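Q: Sequence:
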Amino acid sequence: MTATPGTPTSDSGHGIANKLIEHVIRTPGRIPSPQPAHLSVNHSNGHNGHRVLRSATVGYIAPPFEGKEAQINEVKRLIIEGSWIPADHIDAQVEWFYKDLGIDDVYFQTETPEAIKSHITSLYAAKVAAAAREDRSQEIRLDMEATDHAIYIDTSEPGISNTGGPRYEQRLEAKYLDGGDENRRFRVETFRSPAKIHPSSKATMRCYFVYQCQFVDSNPDPSDTRLHVIGDRGFLAKATKNTLQIYQNIIEMAVARTGPVIEAFDIEASQEKRLVVAFRQRRAMGLFCALSDLYHYYGVTSSRKYVEQFSNGITVVSIYLKPTASVSEPGSKYPPMETSIRHIVREISLLYCIPQNKFQNMFAVGRLSLQETIYGHCVWVFVQHFLNRLGSEYASLVSALDSTNGAHAEVLSNIKRRLRTETFTSAYILEIIGQYPDLVRSLYSSFADTHYHTGLASEESVPTTPVDVLGDNALKDLITRTVSNEHEQLVMDAFRTFNKSVLKTNFFTPTKVALSFRMDPSFLPAIEYPQPLFGMFLVISSEARGFHLRFRDISRGGIRIVKSRNREAFSINARRMFDENYGLANTQQRKNKDIPEGGSKGVILLDPQQQDKGSVAFEKYIDSIMDLLLPPVSPGIKDPIVDLYGKQEILFMGPDENTAELVDWATEHARKRGAPWWKSFFTGKSPKLGGIPHDHYGMTTLSVREYVTGIYRKLNLDPSTVRKMQTGGPDGDLGSNEILLSNEKYTSVVDGAGVLVDPNGINHSELLRLAKKRVMISEFDVSLLSKDGYRILLDDTDVTLPTGEVIPNGMTFRNTFHLRHTGLTDIFVPCGGRPES
0 MTATPGTPTS
10 DSGHGIANKL
20 IEHVIRTPGR
30 IPSPQPAHLS
40 VNHSNGHNGH
50 RVLRSATVGY
60 IAPPFEGKEA
70 QINEVKRLII
80 EGSWIPADHI
90 DAQVEWFYKD
100 LGIDDVYFQT
110 ETPEAIKSHI
120 TSLYAAKVAA
130 AAREDRSQEI
140 RLDMEATDHA
150 IYIDTSEPGI
160 SNTGGPRYEQ
170 RLEAKYLDGG
180 DENRRFRVET
190 FRSPAKIHPS
200 SKATMRCYFV
210 YQCQFVDSNP
220 DPSDTRLHVI
230 GDRGFLAKAT
240 KNTLQIYQNI
250 IEMAVARTGP
260 VIEAFDIEAS
270 QEKRLVVAFR
280 QRRAMGLFCA
290 LSDLYHYYGV
300 TSSRKYVEQF
310 SNGITVVSIY
320 LKPTASVSEP
330 GSKYPPMETS
340 IRHIVREISL
350 LYCIPQNKFQ
360 NMFAVGRLSL
370 QETIYGHCVW
380 VFVQHFLNRL
390 GSEYASLVSA
400 LDSTNGAHAE
410 VLSNIKRRLR
420 TETFTSAYIL
430 EIIGQYPDLV
440 RSLYSSFADT
450 HYHTGLASEE
460 SVPTTPVDVL
470 GDNALKDLIT
480 RTVSNEHEQL
490 VMDAFRTFNK
500 SVLKTNFFTP
510 TKVALSFRMD
520 PSFLPAIEYP
530 QPLFGMFLVI
540 SSEARGFHLR
550 FRDISRGGIR
560 IVKSRNREAF
570 SINARRMFDE
580 NYGLANTQQR
590 KNKDIPEGGS
600 KGVILLDPQQ
610 QDKGSVAFEK
620 YIDSIMDLLL
630 PPVSPGIKDP
640 IVDLYGKQEI
650 LFMGPDENTA
660 ELVDWATEHA
670 RKRGAPWWKS
680 FFTGKSPKLG
690 GIPHDHYGMT
700 TLSVREYVTG
710 IYRKLNLDPS
720 TVRKMQTGGP
730 DGDLGSNEIL
740 LSNEKYTSVV
750 DGAGVLVDPN
760 GINHSELLRL
770 AKKRVMISEF
780 DVSLLSKDGY
790 RILLDDTDVT
800 LPTGEVIPNG
810 MTFRNTFHLR
820 HTGLTDIFVP
830 CGGRPES
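Going left to right, the sequence shown walks through residues 0 to 836 as numbering that gives the first Met the number 0 numbers them.
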């Protein structure tokens, strides 16, 4: 429950949780799995490559609050007036709050005396409630959330990710850093009190303060890196000269890069290290709280943390780290602080790719390492698409039926879809994998042993794998002995298929924005995919998953982004994704039969909660694939990878659904990364980059249109009398150009927005207006429809048509409209639409 400023709250009214701090299970050892060492910038001064900061110059210095004493007196007066705290305890409680918790003066300048009184009273109530509990555990929690600021106070043991606690970091990150209005940004300051809350307790208090940013310039050029322009006024007032210089340097690097920039600093005469991470906003959602899980895994805690957001779109996280007491204990399971910092810096790049993986909880409690959980997440995605569960019975059915018979082919397609989806859902696969963390560790060890490039670092910094590396036969035997049934055997054996199929990956490169895998596609069953693929790439990011398939070494085809209106639509799209990609690439192969290039296609499927991240997902997809195509030229940034394919590869791409506006970026990015083939990387780019805009010239449309006019000539038809149905609306390049070229009588148009029908002919002038504007039929002026015409949009429900028919669901109606026998269509021209329609 949230404490409202100015309102005294009792224990029950405030809802302070009455729970023990969960002591999480720690597994033996904190030796990470193989990962290459990396600091984004190497420095000569300092034995470990870190720059040294003088303690006097570190961090932030808040401007003194001149009215602090007067405020203290006013707060005391309000507390006395409220009578919630005994009079002889008031001075001690106020002094504890103002002096012992380490709260910054900015808080006291920001909050009213009434709000501070409420917070002190609530904390006192929490202390009383804690003392009254039978276990007398000192557990104090306070949260106050407003639209422009927030405060969270909690007790926790340093260095422990308390998965059973209130998870305030997740809340503030979701609400203030990652969510809400993109035009409103926030900064965060968090402090851990140095003193324990009770002599018998290991817990200390952690305070989080969230403030809405007040930028000097709220709308600068994205490439602007001047702190006095892009910074928050509060940050600029508090940051030391040293901090400003650090932030200036790291922001300049972050603006120039696609991925994160990571720096580590020693602090003079202190065990503390300062970790600074810069990245583009809203491209690594969940990273702030995931960083806590990362350094906790190595027995490290933070004394202070700052999140600064800048108006040019860069976020900087600054964390002051120190070892927990358990690190120095005899027989500690944790590595020394220097080693831990090296591993933390190195693994942030991996964490950035997928900040919140499906096995994050196992990482938070120390059951699996970060690498093991993200590996498990990637294979979980792989298994969803490639678990071979059709069986020999399906093969027998295929041989018994005639694949050239349309009815037989439809039956086979429906059976295949049902066999693939009804038994092994993504949740069921996740559940099975989650039961066997030890198997995941052994399987990851085999994967890492193959793909970790041992020549990247000194012997001292190369971590060792925590379990013995087993061969494939030994892994097969281990899985058979461990699992309980055939389903579990199928899922865990798919890990072996994944390991054997990966020819190269950027998993172990120091900097990356998504994880990419070049796969050997020979594992695909020929009965389902009779035309063998030449090459296959799998890409997994925090926003999406993607494939790139090609049938010849030199191939070209478009890259499309698939969006889903809801989770049900996502599940359907995910089930069909690989088959869609395979079918599109196969079609492109046939379309390219008269040119030297073979056919290829790429499909990017956005995650359900990331439907607005199409451009981000596309950029990560392109950049991570390029990691596997280009030789490394920047040691410490792009290091060598293990290449089991052993041959140079070049991919050629083009625009497709939802990517036409992103082609120029991909071309420029290829040039920026030094790709010698950047000019030919993408078709459809702007003329200034040497491209021919195919939509402007209607290249595809003219080809399709020639088929249509040829039919009219053959049948001696007058186009103006032909009733026409079209899928793919006036917003797309094919659909809009078809409308501009046509002279038929349109009776129905189906597009991403819904269905537009008029038996008497859709107003052609209005269709031309939409086509020239490149917008969907949702913008059609329905007053121009005849009495028999109608428009059904996706969100419409229970709509009665002029015929009297009731349409219960607009999306279902749209998806199946082309299969309806309306009696209104003489010619059907498909200019778009989902596959398998």
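Where hints are given, some of them may not hold.
[What the hints assert, rightly or not] Here are the in silico distance ranges between beta carbons for each label pair:
no., residue 1, residue 2, range
1, Leu396, Arg564, 31 to 37 Å
2, Lys590, Arg564, 38 to 44 Å
3, Pro524, Pro607, 27 to 33 Å
4, Lys671, Gly709, 34 to 40 Å
5, Asn248, Ser200, 36 to 42 Å
6, Val466, Pro193, 34 to 40 Å
7, Trp664, His227, 28 to 34 Å
8, Asp787, Ala408, 34 to 40 Å
9, Arg564, Ser200, 45 to 51 Å
10, Glu778, Trp664, 24 to 30 Å
11, Trp664, Ala406, 42 to 48 Å
12, Asp220, Lys590, 38 to 44 Å
13, Leu396, Val781, 34 to 40 Å
I should point out that these hints are in silico values taken from the structure, not numbers from a laboratory. Note that the structure is a prediction, hence the values are computed from the model and not measured. By construction, the Cβ of each residue, glycine as well, lies at the ideal position given by its N, Cα and C atoms.
Q: What are the numbers of the hints the structure violates, in ascending order?
A: 2, 4, 13
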